[in-house]
Amino acid sequence: MIGYLQEEKKMIQDITPHQYDNHYIEYQPQVTDFCICIKDGTALLCQDKKEKNSWYIPTFKELAEPLYGAVYLFAIDGKHYFLKQMTGKDDTGWIEDESNMTSGPSDRLQALENTKGLAGAWKNRRDMREIMPRFIAFAGITALQIDGWYRNNRYCGHCGGSLKKDHKERMLYCEKCGSRVYPRINPAVIIAVTKGSKLLMTKYAGRTYTRYALVAGFTEIGETLEQTVAREVMEETGIRVKNLRYYKSQPWSFTDTLLTGFFCEADGEQDIRLDKEELAVAEWIERDKIDQAQDSYDDLSLTNEMICYFRDHKDV
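Take 476 as the starting number for the sequence shown in our numbering and just add one per residue.
Simulated from the structure, these hints should not be mistaken for laboratory data. For every residue, glycine included, the Cβ atom is placed at its ideal position computed from N, Cα and C. Treat the hints loosely; a few may be bogus.
Think about it this way: if two alpha-carbon atoms lie no more than 25 Å apart in a straight line, the pair counts; the simulated SDA-like pairs of lysine to any residue are [claimed, not checked]: (1) Lys-678 - Pro-608; (2) Lys-485 - Arg-720; (3) Lys-678 - Asp-766.
So the derived label-pair ranges between C-beta atoms look like this [claimed, not checked]: (4) Glu-605 - Asn-627: 54 to 64 Å; (5) Glu-710 - Arg-686: 32 to 42 Å; (6) Asp-523 - Gln-702: 45 to 55 Å; (7) Arg-715 - Ala-594: 51 to 61 Å; (8) Tyr-495 - Ser-654: 46 to 56 Å; (9) Lys-789 - His-498: 16 to 26 Å; (10) Lys-525 - Gln-767: 33 to 43 Å; (11) Asn-627 - Leu-719: 44 to 54 Å; (12) Asn-718 - Tyr-630: 43 to 53 Å; (13) Glu-744 - Asp-523: 47 to 57 Å.
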């Protein structure tokens, strides 16, 4: 395993000194617990008036939000966070008793302004990339992933019956046929292909994201992560690889994905054969030219950390 980056290079889940605990227990919410209200794929966050770039998650008391209908999410530093689903345009949510649903997200903002003089805003998954402090961004994006799973799994895919929440683990089950549904986590790989002092860097085709990235792809049924690495690099760039080394993994709630990072080497001199449906660019970039190619770094993602690791370590 390749060593870790310096402490300041952190991914979105690296929230030390804060401690994240996702052990599922059906806690009963208290007014001092934190409430993440979610509507139409956005989460309600509060802005610190003294520090405009600092955000926090309000409590039930601050929101004047009823406790009923809230679902336990996780704990950070021993403090409990709950999900409260708001009704959307055409969405009654998954909560079994719809009388517990809360409507009118503007009411939440009004409560903030009237009771505490607080400022609130609805933030989507993409917005979470810019939220500080980092542990609030991680809490927000994780809550959005869990909310999306609940909303997308109201009925059994086998018999069409209604799905119910389990009381012991984060799982939904069908009372009619017994089917179980667990949170969706898609396995994928991030691949740093090296050739001496060069790194194979890519740009996606047909996407709004135009910065450099690394070869990446989802694991297919019946293959190992290592086989995924070899297949994805060959399919997208025509390069054979060798000497695979595991780097790190990352929960990536932006796409319901668990990412696994690998470093590997190009197996001899080979021409790049670009899959133009997947990539707009694939090229070898010298270690000391990476900063010129990538003028800024978001320090959120496994991809970014692996690029920076190669840039800063000549032994890779």
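Hints, verified against the model:
1. Lys-678 - Pro-608: Given that 25 Å is the threshold and the Cα spacing comes to 29 Å, the pair is violated.
2. Lys-485 - Arg-720: 20 Å, holds
3. Lys-678 - Asp-766: Holds: Lys-678 and Asp-766 sit about 15 Å apart, inside 25 Å.
4. Glu-605 - Asn-627: 54 to 64 Å: 25 Å, violated
5. Glu-710 - Arg-686: 32 to 42 Å: 22 Å Cβ-Cβ, so the 32 to 42 Å window is violated.
6. Asp-523 - Gln-702: 45 to 55 Å: 47 Å, holds
7. Arg-715 - Ala-594: 51 to 61 Å: Hint holds: Cβ distance 54 Å, inside 51 to 61 Å.
8. Tyr-495 - Ser-654: 46 to 56 Å: 30 Å, violated
9. Lys-789 - His-498: 16 to 26 Å: Given range 16 to 26 Å: violated, Cβ gap about 42 Å.
10. Lys-525 - Gln-767: 33 to 43 Å: 38 Å, holds
11. Asn-627 - Leu-719: 44 to 54 Å: 34 Å, violated
12. Asn-718 - Tyr-630: 43 to 53 Å: The hint (43 to 53 Å, Cβ to Cβ) holds, given that Asn-718 and Tyr-630 are roughly 47 Å apart.
13. Glu-744 - Asp-523: 47 to 57 Å: 55 Å, holds
Hint compliance for this structure: hints 1, 4, 5, 8, 9, 11 are not met, and every other hint is.
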